[in-house]
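Student: For chain P, the structure is supplied; the task is to place chain Z on it using the hints.
Protein chains in written order, with our numbering: chain P, 1 to 292; chain Z, 1 to 341.
Bear in mind the hints are in silico, worked out from the structure with no lab data behind them.
Glycine residues also receive a C-beta, built at the ideal position from the N, C-alpha and C atoms.
Be aware that a few hints might be false.
In silico DSS-like cross-links for lysine-lysine, where the CA-CA straight-line distance does not exceed 25 Å [said to hold, decoys possible]:
#	chain 1	residue 1	chain 2	residue 2
1	P	15	Z	223
2	Z	223	Z	144
3	Z	104	Z	299
4	P	121	Z	53
5	Z	322	Z	302
6	Z	117	Z	322
7	P	73	P	85
8	Z	322	P	121
9	Z	144	P	15
10	Z	117	Z	189
11	Z	302	Z	104
Computed footprint of chain P on chain Z, listed as stretches where at least three residues anywhere in the stretch have a Cβ under 8 Å from a Cβ of chain P [claimed, not checked]:
#	stretch
12	266-273
13	311-319
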Amino acid sequence: MASRDIVAYETPWTKVFHVFSAIFVAAYLVWTLLPIFIMFVSSFKDLLAAFQLPAIGDWSGVGVFFDFTPTLKHYQSLFTDNNFKVYMLNSLTAAAGSAVVSVVLGAMAAYSLSRIDFRGKNDLFFGIISTRMAPVVAVMVPLYSIFRSLDLVGTLTGLILAYTTFNLPFAIWMLKGFFDNVPYAIEEAQMVDGATRFQAFRSILPLVAPGIGAFVVLCILFAWNDFLFAAIIGSGGAKTLPVATRELVQPQNIQWGSIMAAGVVTAAPMMLLGLVIRRYMVAGLTMGAVKE
Amino acid sequence: MTEITALDLSGAHPPATAGQSLFRVREISNNVEARPVSIVSETPVRRNPSPSKIYYFWLMAPAVILLLCISIYPFVWLIVMSLMDVGIADQHWNNFENYIRLAKDARYLSGWVLLLKYSALCMFFQLVIGVFLAIAVNNSRFEKFLITAFLMPMMIAPVVAGLVWYFLYNGTFGWYHWIFQSVGLLGSKSILADPATAMWGIVIVDVWQWTPLITLITLAGLKRVPRDQLEANMVDGASPFRNFVSVTLPNLYPVLLIAIMLRFMDNFRFIDHILVLTGGGPGDATKILPIYLFEVSFKFFKLGRGAAIAFTLLVVTIILGKLLVRIFDQAPASRAHSEEN
Chain P
1 MASRDIVAYE TPWTKVFHVF SAIFVAAYLV WTLLPIFIMF VSSFKDLLAA
51 FQLPAIGDWS GVGVFFDFTP TLKHYQSLFT DNNFKVYMLN SLTAAAGSAV
101 VSVVLGAMAA YSLSRIDFRG KNDLFFGIIS TRMAPVVAVM VPLYSIFRSL
151 DLVGTLTGLI LAYTTFNLPF AIWMLKGFFD NVPYAIEEAQ MVDGATRFQA
201 FRSILPLVAP GIGAFVVLCI LFAWNDFLFA AIIGSGGAKT LPVATRELVQ
251 PQNIQWGSIM AAGVVTAAPM MLLGLVIRRY MVAGLTMGAV KE
Chain Z
1 MTEITALDLS GAHPPATAGQ SLFRVREISN NVEARPVSIV SETPVRRNPS
51 PSKIYYFWLM APAVILLLCI SIYPFVWLIV MSLMDVGIAD QHWNNFENYI
101 RLAKDARYLS GWVLLLKYSA LCMFFQLVIG VFLAIAVNNS RFEKFLITAF
151 LMPMMIAPVV AGLVWYFLYN GTFGWYHWIF QSVGLLGSKS ILADPATAMW
201 GIVIVDVWQW TPLITLITLA GLKRVPRDQL EANMVDGASP FRNFVSVTLP
251 NLYPVLLIAI MLRFMDNFRF IDHILVLTGG GPGDATKILP IYLFEVSFKF
301 FKLGRGAAIA FTLLVVTIIL GKLLVRIFDQ APASRAHSEE N
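Only chain P is shown next, with the shape it has when bound in the complex:
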């Protein structure tokens, strides 16, 4: 609340601005939440109800949208007719697996990068982060070719490795920022007291734990929401939720109710997780360049 104490002079123009910005924010709120709301409501609609629209230009007929009896059958069919339980488990395994690998290895690397200097460190650092910024499709071309020859296509191991190509550099980059904030004196004190180097490293982990925790969630978020890797490298044996949702779209017969229900199943957990780590969201999405 840094600037709240400033005396704000009310002029006619600022009043106009305030009213205008309030309207703008309200309109934006509707615009940003409406698609989510429609997805949510449509997932409870029967097929015919989802197709109902008022006549063009008939704004008073908008009430048609709420004219339906809610049904849970789309959700039921996802888990009985489709194997969504398996896909969910696949998504979870792939996301959590890569998050754990990335954070464990990433924490060790980030810690040592934060503690020492050596020639070429900046180049190494840039090399590490540039893999994170590369276009997914471009990375996938050689990765697919390699994984195919190793029989990793269509396995969860392959998918975990593929996600790690992005999450590990990201982990090193972000966690280094966290370790940089911990003074070396703490480890020194530990070592004077007789701790080994590794024990000293472990002793400062609780200090960076909140950051690491938020970071695990971010890794899970990226992997869970990914489509391209899952569609190509996971195709066959390791189908994840986004891919399964996409496959519900068939040229002839589009099951909108099921698709919207699958969308809710895919999106809802991540929206909840997003709320939990809201505080770290900006830092995470800007790779630590901006902190809230």
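Tutor: Just chain Z now, with coordinates in the frame of chain P:
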């Protein structure tokens, strides 16, 4: 001689140094000012062993080795692949033909143009809406609630977002299509079905999903605009608008630059929603380069040509990334600024 040995406090001096201490004592007696003789050796003994780098390198090794396997090796392999004709079973050298063909490939070139156009359009709207939104929301009573609501689209998987919008855009039962029609913006053709409007269709989805990121970044920047500068300017009689232009905006500049670079690169990176919405069509109207690359590599399985396209795309991204890192390095200056408040 007796008084000299008495001054030799340590008493541990071997005979060879006796002459030295003798010399010093004589010097002291010559000078009026007497200085105590230091008995501490000049370089202190290191209590802690110097931090051994080897240990840290070992700690770093697993991550570096894994990265070598899953990102450096594939990168090298990408270059090799781009020089070869890659079939299902065999691959052979084809004399740079992949690259030569790219220069004549109209779709490849238009892919770049469309990619730039798509990025520019997305960026323009995201920046204008996002920054204005941040200013409107800043210090409002409902800031926390609003930000949480704005975050929601970013959490949704891009594919799911694409599907939801595909549903909303649908020409026969889509609610947004109904709105467009009722307002008179569109005819009966869905926004995605017409080559003239399809690009707008995908831009709208990207703007919907990622404008909040710009808002969040700008908001973080607004919080650290130095209060004293704003106040000083106001005392000097600047209007709120003038204050914004001459104080807030320059302070926001580094943060906005980061936001722009990040979004620019993300437009290169993520094509999930475009794949779902148009798949590059109608015709080639939305076939931005990554989509074309996806088609060549994973629809027609021309991995060699795909690799050549991927390599050019990667080179551009790496240059952009280098720029971004340079901007990051300059960012702490503005960060240190805020800590004074």
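Student: Going back to the hint list, which numbers does this structure go against?
Tutor: As far as the earlier hints go, only 5 is violated by this structure.
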